[in-house]
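J.: Both chains are given apart, each in its own frame, so use the hints to dock them into the complex.
From first to last, the protein sequence lines stand for chains B and P.
Sequential numbering from 1 applies to the first sequence in our numbering.
Sequential numbering from 1 applies to the second sequence in our numbering.
Everything labelled a hint here was simulated from the structure, so no lab data went into it.
Treat the numbers as computed from the prediction; the structure is a model and nothing was measured.
Among these hints, one or two may not hold up.
What the hints assert, rightly or not - Computed Cβ-Cβ distance ranges for the label pairs, DEER-style:
hint, chain 1, residue 1, chain 2, residue 2, range
1, P, T254, B, M15, 57 to 63 Å
2, P, K202, B, V34, 48 to 54 Å
3, P, Q152, B, R51, 55 to 61 Å
4, P, T209, B, I28, 36 to 42 Å
5, P, R227, B, R18, 51 to 57 Å
6, P, W145, B, V34, 38 to 44 Å
Said to hold, decoys possible - The following residues of chain P were derived to be distant from chain B, with all beta-carbon distances above 12 Å:
hint, residue
7, K30
8, G114
9, F137
10, T150
11, I156
12, T173
13, P214
14, L230
15, P238
16, G247
17, G250
18, I274
19, R306
20, A307
Ideal Cβ placement from N, Cα and C applies to all residues, glycine included.
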Amino acid sequence: MKDIMTETPFGPEDMARRRKRAIAVALILGAMVVLFFITTLVHLGGAVAQRSF
Amino acid sequence: MSDANSHTADSPAAITGGQGSVGDYFALLKPRVMSLVIFTAFVGLIAAPGTIHPWLGFVALLAIAVGAGAAGALNMWYDADIDAVMKRTSKRPVPKGTITPEEALGFGMTLAVGSVLVLGLLVNWLAGALLAFTIFFYIAIYTMWLKRLTPQNIVIGGAAGAFPPMVGWASVTGSIDLGAIALFLIIFVWTPPHFWALALWKKINADYTEAGVPMLPVVAGADETRRQILLYTLVLVPVTLLPALTGTVGWLYTLANAGLGAMFIWHAWQVFAIREGAEAEAACKKLFGFSTLWLFVVFALILLERALGLPLFPPVLA
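Only chain P is shown next, with the shape it has when bound in the complex (with noise of 0.2 Å):
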């Protein structure tokens, strides 16, 4: 593990434990995070072909939702001396001292194995299966492997975020289909530009810098980093089209994700031409900003078709 404790041995925690408020442990749960997992994976359920009784849809979530929280403890009990070097998350309780890195770890694996035994016993084990991986994704892959070797570590680590509208279709179908991977692509090739975007603010780029994490703009430099925002992007253009061909939408996403797509090309593009001074930051900004919203709305979109009753397309790929 991280050297955490080096950071936090003359808190009252790192001595004592126990400290640890309920609101502390919440915050391990990155509950911002979750909520994006929550709504990616709900519409993973609605989305898929099929039905599944609205108490078990809920338990579903509920276990999806509980399982993004471990990973997030984890996260925050390996990455612990990091944190406490960037001013983005040096409030967080374990770089704080409010709870030690061995409660983290513990409260992490708890909630895991909790989750995923709930989704596999209580739901079906393809789903329970997905939701195991993703933990063990996110924490072995990205935070312990890739985070700190290559600055290609939000493009591979991105999958675990892409993960949950997956898990949310398997938990309806009990199968992976080629909806669910085309749910899958869209948060996959998203995350590059958005998180880069995010990296090449000054302020958090120095915090990158000063823990030693090699994100692209801190190894590869802005310039390369500014192209890569735009390559991604127009790869996510028509990979966001993917649900149209596999029958999981209809007209409305298709015609109001072309619009949305221009307009994310074109905050790519600002960010790639403008280079310097405030305009450089102030473009990055606006695109980390429309990209989250972005998602949201592409997603949101999906399942305003299926509230709406719109006629969806047939499949081409099957």
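If we strip away everything but chain B, and leave its shape as in the complex, we get (with noise of 0.2 Å):
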């Protein structure tokens, strides 16, 4: 008999069409946090070790 709470209505190549996107949106989240880490650097400059704030 089958199970409807544990079919999924999608194959093989759906799974991997969503894995692949699940790559690109984590690789995507990645370089947003690389992009604000950079320009957060640029903001502020050099020396900032030694600033007295």
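T.: Shown next as structure tokens:
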């Protein structure tokens, strides 16, 4: 008997596409972190540790 | 919204969603349009007086590119019904059925908000606000309102494509100057003759007629469109020389543009004068191809002058 709770409407090809999409989203999120980090350093400028805030 | 689901209801994506590949999502961004946006924004960034840290310049271009992609995705969401009818656009992801209209909407909105926030937070808020307005203009003013309403859709809607160099410029200066407005005007006035030359092609014209989009050749006829192409071209050539008055360019740009402008007028005249048969179609194709190359060369000349360190004219308009 079919268990409708565990059946997925997606075949292997669909799941492969989903996996690739998930990897792309992960890479974009990682790139965003790097983007914000480097931009923060650029805005701060040099000799940050020597500054008196 | 448009009745997109009526054309995609039988597709797997319309039922379940989640069928789109990474390539399908990339296609939603209209990469060819995006490349032109990146190029013109880059020229605006380089032509602007002042300097910007190279990394921040890169961030600005990235945000502008993603903002352009967002506008493309939102356009494909709203226009899915007419895209499905026209042969030229029927293979796009939404009418093809690999991405649902809701997915395209969510993707476009996420990128739109993200690109504006990144540009505003990391570069400056005037540039961010201009990018937000550009996306709004393309979607709300052009796609949703004018495109299906008036044959002047391209004239006013063309402003959306003309904003990127202004956004690039504002990323450097934090202001909107006459030099930026001159670059805006070049693309704004260039857009109608460029797209009307395309719309005069028989198969493209048939597509627009089938979809009920009131492009000028469909509503006013081919003869009136040819007249308008010539008139806009005659306005475009002097507009191209405006950057000389704002101190943005020098002799190389100005002299080269005098020649390029004469060639543009000649192509527009050919379209105006030859009205029947294969030669008329060929003249339209030549004008469309030439106008695409023309815009690239005009903006590339600005870059070339900067790269060679050539002197610029003193600003007459300031």
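J.: Run through the hints listed earlier and report the numbers of any the structure violates, in increasing order.
T.: 8
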